[in-house]
Amino acid sequence: MDFLRPASWEEALAAKAEHPTAVPIAGGTDVMVEINFDHRRPEYLLDLNRIGDLYEWEVGADSVRLGASVPYTRIMENLRGELPGLSLASHTVASPQIRNRGGVGGNLGTASPAGDAHPALLAAGAEVEAESVRGTRLIPIDEFYTGVKRNALAPDELIRAVHIKKADGPQQYSKVGTRNAMVIAVCAFGLALHPATRTVRTGIGSAAPTPVRAKAAEEFLNAALDEGGFWESGKIITPSVAKQFADLCAAACNPIDDVRGTASYRRHAVGIMARRTLTWTWESYRGTAAPTEGVA
Amino acid sequence: MRVNFTVNGRRQEADDVWEGESLLYVLRERMGLPGSKNACEQGECGSCTVRLDGIPVCSCLVAAGQVEGREVVTVEGLADYAKQRAEHGSCGTGACGTSVDEAKGWQAKPLDSQTGEGTQLAPIQQAFIDAGAVQCGFCTPGLLVAADEMLEHNPTPSDADIREALSGNLCRCTGYEKIMDAVRLAAARQGEAV
Amino acid sequence: MSDISAKGAPIGTPTKVTQGSQTKGGIGESTLRPDGTLKVTGEFAYSSDMWHEDMLWGQILRSTVAHAEIVSIDTVEALKTPGVYAVMTYDDLPTDVKNYGLEIQDTPVLAHGKVRHHGEPVAIVAADHPETARRAAAKIKVEYRELPVITDELSATAPDAILIHEGRDDHHIGHVPHPNIVHRQPIIRGDVAAARERADFIVEGEYTFGMQDQAFLGPESGLAVPAEDGGVDLYIATQWLHSDLRQIAPVLGLPEDKVRMTLSGVGGAFGGREDLSMQIHACLLALRTGKPVKIVYNRFESFFGHVHRHPAKLYYEHGATKDGKLTHLKARIVLDGGAYASASPAVVGNASSLGAGPYVIDDVDIEAIALYTNNPPCGAMRGFGAVQACFAYEAQMDKLADKVGMDRVAFRQLNAMEQGTIMPTGQPVDSPAPVAELLRRVKAMPMPPEQQWLAAGEAADVRQLPGGLSNTTHGEGVVRGVGYAVGIKNVGFSEGFDDYSTAKVRMEVVGGEAVATVHTAMAEVGQGGVTVHAQIARTELGVTQVTINPADTQVGSAGSTSASRQTYVTGGAVKNSCELVREKVLEMGRRKLGTYHPAWATAELLLEGGKVVTDGGEVLADLADVLEGEAVEIEAEWRHRPTEAFDLRTGQGFGHVQYTFAAHRAVVEVDTELGLVKVIELACAQDVGKALNPLSVIGQIQGGTTQGLGVAVMEEIIVDPKTAKVRNPSFTDYLIPTILDTPTIPVDVLELADEHAPYGLRGIGEAPTLSSTPAVLAAIRNATGLELNRTPVRPEHLTGT
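If you read the sequences in order, they're chains G, S and L. Numbering of the first sequence is given in our numbering, commencing with residue 1 and proceeding in unit increments. Numbering of the second sequence is given in our numbering, commencing with residue 1 and proceeding in unit increments. Numbering of the third sequence is given in our numbering, commencing with residue 1 and proceeding in unit increments.
Do not take every clue at face value.
Computed spacing ranges between beta-carbons, pair by pair [what the hints assert, rightly or not]: (1) Met1/S x Arg286/G: 55 to 63 Å; (2) Val749/L x Ala86/S: 33 to 41 Å; (3) Asp257/L x Glu34/G: 43 to 51 Å; (4) Thr110/G x Glu458/L: 33 to 41 Å; (5) His153/S x Asp258/G: 36 to 44 Å; (6) Asp159/S x Arg198/G: 52 to 60 Å; (7) Asp625/L x Asn154/S: 53 to 61 Å; (8) Gly52/G x Asn4/S: 18 to 26 Å; (9) Pro155/S x Thr723/L: 47 to 55 Å; (10) Asp53/G x Arg189/S: 54 to 62 Å; (11) Asp258/G x Glu256/L: 58 to 66 Å.
Keep in mind that the hints were calculated from the coordinates and are not lab data. Glycine included, each C-beta is placed from N, C-alpha and C at the ideal position.
The task is simple: from the sequences and hints, build the whole structure.
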């Protein structure tokens, strides 16, 4: 095993080009577990800790360019307004110690269906900034996840940042685990209202081979909200609409039975989370009810 | 490979480090600092918590090569770290930016008696003893580092704040009640001292 | 090899600790731990912290399948790996003794011809770095021919079932109905058939208890250092040094005095260190290579490296009259012992003899068995057979109270045992048994406020809700439930086992002050035995300074740190040796100074505040003047009153020396839509006889309560029923409660002395683990209306998915 310590982003890209099998390590919260437990012996470890750019973010007019290594703790503390869904998701990540080290780049690189950030990114809308010595490209988040723990990165590419749409409406995130802290998702759900475009986006984690959006549910809800004039009137969403939305979200799942939960529970729980997060975001949008986003 | 970094204010160098070694292994097996504990080595228990440039992290998940040139504080250096903080004022962020020269003044000293009685302790360490928060003690070092850091930026935590801040540290012996007591006690003493 | 001893003791060798006291510091005070400062500074050396110059690292290769014949093992490539010093298999074992075991020596040191469970040790490697050892172990080629797996009672006792152990010759084989049953214990008293006729109500239930892991945080680890005399020094975390020694020495082919064991720091135990783990492997490698060998399991290996709590199926039938009196009990308890016997026979004894719970039931028919299967071996864990039974009988009590139409607590109180009650074993309960009073106290505690998630303001604080930080509910679907449970546990070793401890106590004058030194082989695993020993020495010898020597095999056995027995038995031994020392000191005083004061001959004399005083408080002499330059030292064994074996057909017999009781009230909030649970409060009332150290007592009760909570809502080792392989050997998927899962645990301590026990004390460590689980389950049932006959409860069970 070789340990590569590039001092700059350019050096990192060059190293990755030279050693496409090199495993990038930033927070180490996935890679080191695999090494400690002898599950993986990469030929090269490519340390990204010395590349300061990766720990920075820029808030633009429409989006936030979030460096791949910005720790979850920083997202929670600094980007709650711009990225409320991702902030809530960040707060569910493992433990304070892990949130101090891990960042969205690692979640994307690992591309585990259980990664906590994915549903929030899918719901908000995002693009992954991938770069290699060949150049930079932006990969739409919907095209990023290609299979179980597989993503659209080329072997010589590294994730530099993720461009996430700034919230133009309420966002929510909910995750089921069988413990009240420090738990891997049995399943997770992200929801974002986009009043500017009068659309709703979703994200589902741990309930399919990849993180997915519930597109049929989104289309149904978009149409229902539009036809009912809900966006203008801010009326309470009727229970039948909420139920239909929840059912369609559950139907978007393609889960498995494993030690963390059964497939049928995952479908069920996604439906419940979909209904609840819709209620919380919509109440927030209406601006009438007590704050419902939850505090911690 | 060779790795140089600062531990508890003292420059350290480790040679022949295997590339897959964790910071935890280097501290425990190469630097004679076994205070950080190896309970799970998968980031699920917090027993190995140290401060890396002021930030609490699981040292089992930091690759040794990643700490090159950085500063680490372990439980062995906690008392002096707290003393420095008390003397120079809280930095608020946790990243105090102590200079190496300054830090050399508070490197961990050997104990002066067999029980360690008379040893100067950080307030959180004393509170853990006084409240009965130590049983087997294996989780204690990690909890101390985490709790000390929380009190640094949140001197008057609610119970829910304490629970959240310590939710990454497993304890199997105490049921956490005495740990809650200890942190409340340390916070109260800290409040009296100000 | 001769260079080793020259280098001296390894780093991390335990040293004595000396503790003074500002106050009397005797029993009944909450003195602080003598090792507390060492533990908070990181200086306290646990077994995994041991370090020796030039030490090697040991690695174990474990079976990847649960049941198979070993066709071949090829170690050639492993041995060729640079940095590897030794590779050993069964064929390299040095003597004819190749098995070990607590009661039945059925466990191979290294697999021979066959593996019987997933993760069984097959080969061991020593190398200069743990990674070298891992890579070498990975190069060992083992060819398996898989056999069908036995995973439950049906497959174990089928007429054509493969025998897990061929040719059994242990002392249980004669009375078990099938060779795949380790032990069977019936408990039969009265006439169940006739009593059943008197019942107005009968309830039946079938209950399932999952496999729990002790999940101590300090992994199995130790350092073996070969010695010049051909022996070995072993620094180890264990629960019972002398039991380990008895099993280790014959395998090594060494006399016991050449295997010198010292207790290293122990990072929790809870039963999981009662059996050997890496002890023999480290010694074998050290003796083979002539170098110190350290072995440290990681968490993955730890799940394979120790036995677990027996999973169980329990079939219960109770009857009651319409005025709420219990008529009878029929029960069948099937414990899965896994591939090796470990403590299974004793667990069977407990499950059966305590299977009726703390109730008066005259007509009882209980049968408990433990199976041999290809599942992971199971043995000791806090509560030890009584836990599984309590889960079942407490569920039954709720069902029966409901049928009778009585309040659930009142129903229990009506049937509660008390001092004088005859157990189903025929043994009278001869010390206080305040079961009804414990229930009264726990019920009388104030209830926690409702909807605490709104306490901080308008927005819901998700930390106070089911799901916690995962933000699953802001109050939707949340229903509160309350449940009660009470349990009975035995203290100390039962069934005729010669249960004793040894204590060596020394008294001398140092710097003009009388000081005491206590030396035992008691394993301090976190429980605070060292604190209590210092307190006992102060109380009995009137000193303030007490030195606690490291536990080792240079002193006689202290028995195991298990069965809630250490304060009783080793505490009793320390008290006894102190009394013997005191007698000698008083003799010296009479001899030297007796002529100066008549009270030397006539009064009851005590040692207090460093002086000899009369019971009237008159000071006769300073201890420094009595002892002068002499030291008084006594090493003596002390045993509790004898017990006797249970009759193999009827289960009758004076089997247990003491009983201990705790009751819980659980308040939970359940997100009924998502099936997530938050325990809001777990109140406990427990009789402790006499709290030698109240702070430690409460710590034990809260810790035990939390382990019971864990197995109620999250903890379970999941074994694939088709392959018998463990599916979740990690802290990612075997979950134990975090601080956000653990509620406030108010404790009400009752102190009713047991006149048979030292200071009237009662063993306390295990009882709170019993009733915690059924109380939480009862509260969840109360919130959801579901029957829930299985623990742990999963979201699937609460949502019907």
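Query raised in the report: Hint numbers the structure violates, sorted upward?
Result: Of the numbered hints given earlier, those the structure breaks are 6, 10, 11, listed in rising order.
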